[in-house]
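Build out the structure end to end from the sequences listed, making use of the hints.
The sequence shown begins at 1 in my numbering and counts up one residue at a time.
Derived CB-CB ranges, DEER-like:
hint	residue 1	residue 2	range
1	M349	S157	45 to 53 Å
2	K416	M219	25 to 33 Å
3	E103	E343	31 to 39 Å
4	K272	S105	47 to 55 Å
5	R403	S130	43 to 51 Å
6	M219	D193	27 to 35 Å
7	K195	N221	25 to 33 Å
8	S157	K125	20 to 28 Å
9	K360	K228	58 to 66 Å
10	A346	T199	42 to 50 Å
Everything labelled a hint here was simulated from the structure, so no lab data went into it. For every residue, glycine included, the Cβ atom is placed at its ideal position computed from N, Cα and C.
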Amino acid sequence: MKSDNKLSSAMNTDVSRRGFLGGTAALGVTAASTSALMGKKAYAAKKGGHLRAGIAHGSTTDSLDPATYENGFSLALDYTLFNHLGEVDHTGTVKPELAESWEASPDAKTWSFKLRQGVEFHNGKTLEASDVIASIEYHMGEDTKSAAKSLLKQVKSMKADGKNEVVIELEAGNADFPYVISDYHIAIKPAKDGKIDPTEGIGTGPYALENYEPGVRLMANKNKNYFKSDRGHFDQVELITIIDLAARQNALTTGEIDMMDRADLKTVHLLKRQKGINVMETVGYKHYTMPMRTDTAPFDSNDLRLALKYSLDREELVKKILRGHGVVGNDHPISPTNQYHAEGLAQRMYDPDKAKFHFKKAGMEGTTIQLSAADAAFPGAVDAAVLYKEHAAKAGIDIEVVREPNDGYWSNVWMKKGWCACYWGGRPTEDWMFTTAYAAGADWNDTFWKHDRFNELLLAARAELDSDKRRTMYYEMQEIVSNDGGVVVPMFANYVFAATDKILPSEQMAGNWELDGSKFAERWSFA
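What follows is the structure, given as structure tokens:
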């Protein structure tokens with residue numbers, strides 16, 4: 001995007017996010033400095049081997065259907081088996097993947113995606129425009145439950161221009177559309193008679209499905225015809241659900257697995273001393289939240305919501321839950337690494353007096369508020385809820401911590417209970433994050449919040465090509481969410497994970513998701 005308000009027709013290789021590395025540097029860690037973070041020697045990549053990855057997510061209710069992907073295991077599965085039109089690199093830039101290139105009309109309303117030729121699905125079918133269109137349309141139907149549905153409401157029409165080009169017309173301009181269309185839910189699958197089979201595991205990805213037991217493990221074998229010759233080094237990849245943190249870390253130190261996500265921040269300093277173990281850390285968009293259902297009493301009262309926001313000591317949560325591996329949040333989802341982060345917005349501080357004032361104004365004195373939590377939400381979520389209870393008590397607010405089972409948490413608690421613990425991997429653009437979780441009617445609007453001014457700005461900012469005007473709108477939107485929204489965002493968390501020194505990660509890792517943008521199976525190798 002140029003500063004003269006026009007999109008160049010030469011915008012056919014990537015869309016960049018200004019300030020990604022600058023923002024991470026401000027936090028003291030850079031996604032690009034992997035070797036420095038690990039203290040790792042330089043080794044050459046080795047082809048072959050069986051990778052065993054311990055993942056802190058996974059539920060018996062999970063599915064191969066990309067419309068339902070909602071946790072870290074599903075994300076790892078997605079990037080192991082499938083590809084997308086674009087992918088985010090270590091700088092926060094979206095690069096072509098199954099698309100060879102793209103370009104936009106001057107008003108960013110029409111986008112043309114040229115596909116790579118000769119790419120094969122695991123079943124031998126050659127990738128064509130019809131596969132891409134069917135894969136996208138699956139998330140657009142009136143009856144679809146896909147989390148990508150709200151992202152794709154802007155699509156007015158799609159058509160194939162020959163077998164290797166897809167032209168997408170939008171209702172209004174969107175300078176960030178390559179990010180949107182590369183959402184992890186929109187995995188490209190083979191089409192038959194204009195439709196995909198969402199529950200089959202056939203993709204174009206670096207590994208082909210062998211076996212999948214939801215909530216247990218996934219086994220996948222090397223795709224020998226993978227179109228990226230410098231990726232997909234392992235012979236076999238095994239993703240194993242190990243939700244219990246101590247069990248996951250023990251499995252790493254005893255050699256039962258080769259790598260793990262979500263290291264125990266309480267003991268990570270000890271893990272770093274373990275011989276043969278490398279601890280890694282990247283900064284991205286991940287944030288921990290406590291969403292309230294604003295369509296349900298008593299959380300339909302903004303005074304109650306403000307009372308709860310003022311009754312939390314965020315600094316203590318960062319110190320005790322994140323062990324300093326993150327920064328405080330300000331009750332909106334836009335990370336300091338995002339381009340339009342509202343850095344000038346006053347930080348909400350712990351203020352028991354203000355909390356008590358709003359609690360009384362809401363007419364809630366003497367009422368107990370339930371907060372559901374499980375460590376499936378994020379590591380230390382139950383401890384965070386207990387700390388929250390202690391902080392709120394000083395404002396005369398009684399919070400009852402409801403300890404929920406880990407298994408089925410995302411199906412039975414999140415978006416079901418009135419107030420609960422949650423985490424978001426975040427998104428690389430403001431529009432993507434807001435559209436996914438804050439737009440009125442969005443499938444993953446987990447606070448069920450609706451604000452007319454916010455929704456007007458969402459549409460206006462998406463189509464605005466003037467960067468300064470977009471910044472003003474996104475700043476206002478962050479302020480609205482912080483002051484009126486139904487979510488408490490206490491902290492942004494760094495990704496901290498570990499592997500044996502037999503594993504060679506990328507020299508520069510992506511920070512859009514944990515474990516190198518969750519593409520470790522494709523990008524890493526044995527040393």
